[in-house]
Amino acid sequence: MSGSQSRRKRNESLAFFGTMIAGQSHELTNVLNIISELAGLQHDLLKAGDDDRPVDLSRLQEVASRIKNQVDRGETIIRNTNQFAHSVDLPVAVFDLKEAIDRVLFLAERSARLAQVELISRVPEESMALENNPFSLQQAVFICIDLALRSATDERRVTVGYSLGEDGAEIRIVSADTVSHDDPVTDKLGFLGLLLADLGGVLVKGPGEEPHNAFVLHLPLHPGGSSASDEPVRG
Amino acid sequence: MCALRVLFVDDEEELVSAVVERLQLRGIEAQGATTGSDALNLIEETTYDVIAVDVKMPGLGGLEVVQRVKERHPELQMILLSGHGSRDDAEEGRRLGAFDYVEKPINIDIFINILRKAAGSVKSVTR
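Chains A and B are the protein sequences, given in the same order. So that you can map any letter, position 60 of the first sequence is 99 in the working numbering, and since no number is skipped, the others follow by simple counting. So that you can map any letter, position 51 of the second sequence is 31 in the working numbering, and since no number is skipped, the others follow by simple counting.
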């Protein structure tokens, strides 16, 4: 990797990390705002009770249950954010591909909601151990999801899944709409190719190819492992 | 004195539901909407004194809602709800004609004061 490629990788990685953390901090703020209002509502309901009109305990219980749901939501955000933050700990680690992809889907959900796109998981139930750079893998998958979200027009659905082969995993990000492959996308795909090369993987199919709606990433089970294709990255 | 009529718009349904009930418990005729387009439809059907709308929502965001409402109903008072990092947008909303902005989390008493001030600044027009 050249000096300018290394600088770009560092800058893009930092931007990706920041985008994910900022997004989840907004989500957590939403949760805290809701808890604040529900706690306020409980207080209001207690204050509204008097001798003629006793406090409705079932309403208080109902609001308490809604607070608990938000606490659970907050815990899920923190757990995913924490695991994501720790994915930079080691440049190469053995990790579960299913967990990594599920985490990217969770982190990308906010972008999908704001883009009004349905993000659908087709991730298999089985775990799959992969030895590689978990952070770069998540970044590569997110780049594809993000490009698909930005191009969504009519159908507004993006499906993410993977399948396992003897020599690695094939990750598919498929949009129900055509994914743009104009200049900014081509530039991003160039960077994606760089990232995948670092992971020992390859972009088997990109939006530049018919039917212009899919990204297929191939990753080896181990760094330096055999790849499905030795062809150069295609847009 | 007529009750204040408020529409509260935010994409977090639980937040809308809690704030609307808290306003109602204080004698305010409050309704909620979770999208900008639902809010625009309600505004055409119902008379409100003040609309409080979140800046950042999927689809029609708060700024677009302010712009569209002000084009059709310039007399209607609007308040933007902002979170961290959206204060610039809230300032832009004031430039578009919003009465004020309120940062979340809301202090309900301060929020109601701002709603009353907004409603008092221009008499609502029955449509």
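Hints listed in this document are in silico derivations from the structure and should not be mistaken for laboratory results. Check before you lean on any hint, since a few could be wrong.
What the hints assert, rightly or not - Listed next, the in silico DSS-like pairs over lysine-lysine satisfying Cα-Cα at most 27 Å (straight line): (1) Lys227/A - Lys244/A; (2) Lys36/B - Lys86/A; (3) Lys86/A - Lys107/A; (4) Lys227/A - Lys137/A; (5) Lys107/A - Lys36/B; (6) Lys86/A - Lys244/A.
Against the structure, the hints come out as follows:
no.	hint	result
1	Lys227/A - Lys244/A	14 Å, holds
2	Lys36/B - Lys86/A	33 Å, violated
3	Lys86/A - Lys107/A	21 Å, holds
4	Lys227/A - Lys137/A	25 Å, holds
5	Lys107/A - Lys36/B	25 Å, holds
6	Lys86/A - Lys244/A	62 Å, violated
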